[in-house]
Amino acid sequence: MQQAHSNRVHAPWDKDIAIACIRAHRDREGPLLPILHALQEEFGYIDEAAELLIAEALNISRAEVHGVVTFYHDFRRRPAGRHVLKLCRAEACQAAGGDVLASHAEARLGVAMGNTSADGGVSLEPVYCLGLCATAPSAMLDGRPVGRLDQERLDALLTEARQ
Amino acid sequence: MTLRLFISRDAAAIAVGAEEVTAAIRAAAARQNVAVEIVRTGSRGLYWLEPMVEASTPGGRVAYGPVAPRDAEDLLGALIGGGFHALRLGPTEEIPWLKRQTRLTFARCGLVDPRSLDDYRAHAGAKGLERALALGPAAIVEEVAQSGLRGRGGAGFPTGVKWRTAAQIEAPQKYIVCNADEGDSGTFADRMIMEGDPFVLIEGMVIASIAVGATKGYVYIRSEYPHAAAAMEAAIAAARRSGLLGSRIAGSSFAFDMEVRVGAGAYVCGEETSLLDSLEGKRGQVRVKPPLPAHKGLFGRPTVINNVLSFASVPIILDRGGAFYRDFGMGSSRGTMPIQLAGNIKHGGLFETAFGITLGELVEDIGSGTRSGRPVRAVQVGGPLGAYFPRTLFDTPFDYEAFAARDGLIGHGGVVVFDDTVDMAKQARFAMEFCAFESCGKCTPCRVGSTRGMEVIDRIVRGENRAANTALLEDLCNTMKFGSLCALGGFTPYPVMSALNYFPEDFGAPSRLQAAE
Ligand SMILES: Cc1cc2nc3c(=O)[nH]c(=O)nc-3n(C[C@H](O)[C@H](O)[C@H](O)COP(=O)(O)O)c2cc1C
Ligand code: SF4
Ligand code: FES
Chain R
657 MQQAHSNRVH APWDKDIAIA CIRAHRDREG PLLPILHALQ EEFGYIDEAA ELLIAEALNI
717 SRAEVHGVVT FYHDFRRRPA GRHVLKLCRA EACQAAGGDV LASHAEARLG VAMGNTSADG
777 GVSLEPVYCL GLCATAPSAM LDGRPVGRLD QERLDALLTE ARQ
Chain H
1241 MTLRLFISRD AAAIAVGAEE VTAAIRAAAA RQNVAVEIVR TGSRGLYWLE PMVEASTPGG
1301 RVAYGPVAPR DAEDLLGALI GGGFHALRLG PTEEIPWLKR QTRLTFARCG LVDPRSLDDY
1361 RAHAGAKGLE RALALGPAAI VEEVAQSGLR GRGGAGFPTG VKWRTAAQIE APQKYIVCNA
1421 DEGDSGTFAD RMIMEGDPFV LIEGMVIASI AVGATKGYVY IRSEYPHAAA AMEAAIAAAR
1481 RSGLLGSRIA GSSFAFDMEV RVGAGAYVCG EETSLLDSLE GKRGQVRVKP PLPAHKGLFG
1541 RPTVINNVLS FASVPIILDR GGAFYRDFGM GSSRGTMPIQ LAGNIKHGGL FETAFGITLG
1601 ELVEDIGSGT RSGRPVRAVQ VGGPLGAYFP RTLFDTPFDY EAFAARDGLI GHGGVVVFDD
1661 TVDMAKQARF AMEFCAFESC GKCTPCRVGS TRGMEVIDRI VRGENRAANT ALLEDLCNTM
1721 KFGSLCALGG FTPYPVMSAL NYFPEDFGAP SRLQAAE
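Each protein sequence line maps, in turn, to chains R and H.
Take the first sequence: its letters are residues 657 to 819, numbered as in my numbering.
Take the second sequence: its letters are residues 1241 to 1757, numbered as in my numbering.
Hints may contain errors.
Looking from chain R toward chain H, a few residues come up when the C-beta cut is under 8 angstroms (computed) [what the hints assert, rightly or not]:
1. Ala680
2. Gly787
3. Thr815
Some chain R residues well away from chain H (every beta-carbon gap over 10 angstroms; in silico) [to be verified]:
4. Ala667
5. Asp683
6. His693
7. Glu704
8. Leu714
9. Glu720
10. Asp730
11. Arg734
12. Ala736
13. Ala746
14. Glu747
15. Ala768
16. Ser773
17. Ala792
18. Gly799
19. Arg800
Output of the computed footprint for chain R on chain H, the stretches with three or more beta carbons under 8 angstroms from beta carbons of chain R [stated by the list, open to error]:
20. 1286-1298
21. 1367-1379
22. 1501-1507
23. 1657-1664
Because the hints were derived from the structure by calculation, they are not lab data.
Don't be surprised by glycine CBs; every beta carbon is placed ideally from N, CA and C.
Model the full assembly from the supplied sequences, consistent with the hints where possible.
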């Protein structure tokens, strides 16, 4: 399954693995997004070197691949922290006190939203709705959804993420 | 005797501990030496009661909730001994919040095992397809047209008309695409269907494929929904195994297969043409219309693209008839709408009901006001592009035209409640910020105007040339409204202007109350 950020340890960049990822999807209709998801699932980000490999495999220009990679918020250009904590910043979560929690997470990790803590442990990222809006505020830690967030539950998540 | 229990595996139930509760009940059962069978269902949508545990009894299911892992031991004791438990909610179907609903699209959600096609069939599943096969393509389209079903993704375009257009074109290949991008804050109905009753979506898409002569389908699911994607993958595999998908659908001469594609975190990819470009592997930029997707859609082929709820409403329309569905609702909003109550609300969740219910009933009566206990101040309806309504507009009936007449929209049916601590200037600024962040970049009013909008709102709030800057903001909103290609730039003025008009005091203007004094 294609999943944005699963809880797995990523492999270091490897050209042969990348080529295998590309091969696995190149014959599908509209193969580019499935390929990019597969690469990110494997390595945790899209290495610049992958752009040329994809361009060659799909017979499109490298600029086109680059344009796609940079268009979508999901695709990372460099590795994320060991854990990814996404905090929902959209309206239903704002209404339920999400803003205060976001500031609290930033203060505890010592980074602004969208960055990775200095020890490389946690990437703190904004997300705009997780579909958990009736049990807001919401978060997702490495693909695991968390609802009814309050300071105590957030602190527990931060502790878990820093291990 | 084996005790049969039902616990939701929907992402929102998991988010509040459904996995932990399930594990605790299994552990308690092992300790107490009780045989239990736990069926993992979708959610009933009464989210303040999740994790909810339902037990099968001779008189039907009985619900308990919200259950915490520490309740497992006690709960099991009560279930076995027939004793009372403080979390007992009574027979599930008798819970007033559920009983008051008209569940057509969501008839099975929370009831069935979403991984079991047998369970689906045992609960009237696949009957729409059976009738569709008997009717044939042209009559299917007419049945859907007669139902009055309008697209549930937001724009409210008549589904039958869309299908008829695609059906009339000859082409070697046509596509059915399901828009499961569900990016609007405050909405989760698509997710609930995919996680709780995925076969109804598959059935709806299969019926569409027969109606228009398409052989290939895609469900484009946002990446924020990994559980929904997994549930759809499993359901598609099961449907293939049983011949519901494949070269001879249900033994007929029709062929159709489908697959899941996952988005990549771009809100604008919910816009149908941007979604098609994204499926093709391009940047998700909005296309100029015409051509309509029904003429030239995915890979330039005729394509029916509908929202999850639109497709999921089709099986019951075919099964019970267009007239049955059409009998619910008001004006030209026919049938039922799965409304999603969210944000700062006491009783949040999925409330499916006929069109016509008022906003006030939804928020105060059904939602029971705010979870914080403070007064409701503003309600945003229809996602990030929807207007903020003050209490004075609570008499607005849930109906496409009634909301449009008040410069609002029902969109995908999300209702987000805010209490009196909300800062409406901040909300207006956020609407602009979101537009700037998500703009596909094709039109200047959207791409640049949204950033300007943030700056102008900041100046108004700081009290710099308030009158002139307010006029500038109104101007800017008009430019965005009329100069944008799609509703991202075109509708962002709704939340902004409604905030400014109904809550001027938050922008530093003297409040209406003060002015009246
Ligand atoms: C910025 C933007 C975002 C949209 N997001 C969604 C979405 O997430 N899901 C959806 O079904 N429709 C969305 N729409 C509406 C679609 O463009 C389109 O109207 C819909 O997919 C048609 O299906 P329907 O007729 O069944 O509603 C969006 C539109 C815009 C302008
Ligand atoms: S309004 Fe915005 S999102 Fe829509 S097409 Fe124009 S630039 Fe793209
Ligand atoms: S707005 Fe935060 S989960 Fe939907």
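Legend entry - Which numbered hints fail: 1, 3, 6, 8, 9, 10, 13, 14, 17, 18, 19 and 21
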